[in-house]
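The listed protein sequences correspond, in order, to chains A and B. Once you know that position 86 of the first sequence is 86 in our numbering, the rest is easy, because the numbers rise by one and skip nothing. Quick note, our numbering runs 190 ahead of the 1-based positions in the second sequence.
If you're looking for bench data, these hints aren't it; they were derived computationally from the structure. Fair warning: there could be bad hints in the mix.
Straight-line C-alpha distance at most 27 Å; calculated DSS-like pairs for lysine-lysine [what the hints assert, rightly or not]:
(1) A:K51 - A:K164
(2) A:K153 - A:K51
(3) A:K116 - A:K7
(4) B:K221 - A:K153
(5) A:K153 - A:K164
(6) B:K221 - A:K116
Since we're looking at a predicted model, the values are computed, not measured.
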Amino acid sequence: MAPLVRKFALTAHVTASVGWLGAVGGSLALSIAGLASRDPQLVRAAYLMLKVIGEFVLVPLAFASLLTGLVGSLGTQWGLFRHYWVLAKLVMNLFAVIVLLLYMQTIGYLAGAAAKITSSSRGLLELRNPSPVVHAGAALALLLVATTLSVYKPRGMTRYGLRKQHEQRSVSRAAAVATPTASQAGEVVP
Amino acid sequence: MADPPRFPEPDDVAAVRPDREPTTGPPRWVKVFGLMGLVLVVLIVIMLLTGHGPGRHMHGGLGGRTPPSSVSERGV
């Protein structure tokens, strides 16, 4: 991948991933408001907004983060299965996307119920649920770990990565032997 | 002013330096991550088996409680 394209892919990946992290933080705030508030209208608004953020921010950014991560790793020497930290991020990203897609059903249910309850304050308050707080909190922790992995890039290559590295070094050495430098050539042919 | 540190290439990182690369097995942090992942998977399986999986809120009430009467009246 050309350096310019690589930097663009990296920028897109960081933007999507950080945006996802921020959106999860916003969802956590809404979830806490929905759970802790004694104001029925605030509870209603919180669950309605959770669905909007989920559908129009969380899901698109989650897929964007996954796709740009795949492009960025497969298009560079990092590879997808060569370094443990890249592999760990892939597993965490896939897990988060799957759980998010499954949990959107629950969010849809809560938002639907909140939208239909217009007159009963008691009904709205009974709708309060700790589940969105737990899920958003876990997602936030997972994304923070993924961000930390990206920054620190802890050491460790997989067997596949070590084999690829060995192959590349062998090819490099063979190429260096096959094409002598100008000075070496000068020594042979004065 | 000094140039900002450039984004490291794979050749720069400790992961590919011979002096820091373990000769056998994955690093400790990978084992810790793997163990935590395994515990998480076990917890999820237990929750699914005990009826705390996805779709619970649509069929079984809210957190094990009875759905709000105003919701039930509207057929949700």
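Here is how each hint holds up against the structure:
Among the hinted pairs, K51 (chain A) with K164 (chain A) is inconsistent with the structure: their alpha-carbon atoms are about 44 Å apart, more than 27 Å. Between K153 (chain A) and K51 (chain A) the CA atoms are separated by roughly 34 Å; this puts the pair beyond 27 Å, and the hint is violated. Taking the CA atoms of K116 (chain A) and K7 (chain A), the gap is about 47 Å. The hint is violated against a cut of 27 Å. Note on K221 (chain B) and K153 (chain A): the hinted pairing holds, with a Cα-Cα distance of about 16 Å set against a maximum of 27 Å.
Restraint check for K153 (chain A) and K164 (chain A): the C-alpha separation of about 19 Å stays at or below 27 Å, so the hint holds. The hinted pair formed by K221 (chain B) and K116 (chain A) fails the criterion: a straight-line CA distance of about 48 Å is larger than 27 Å.
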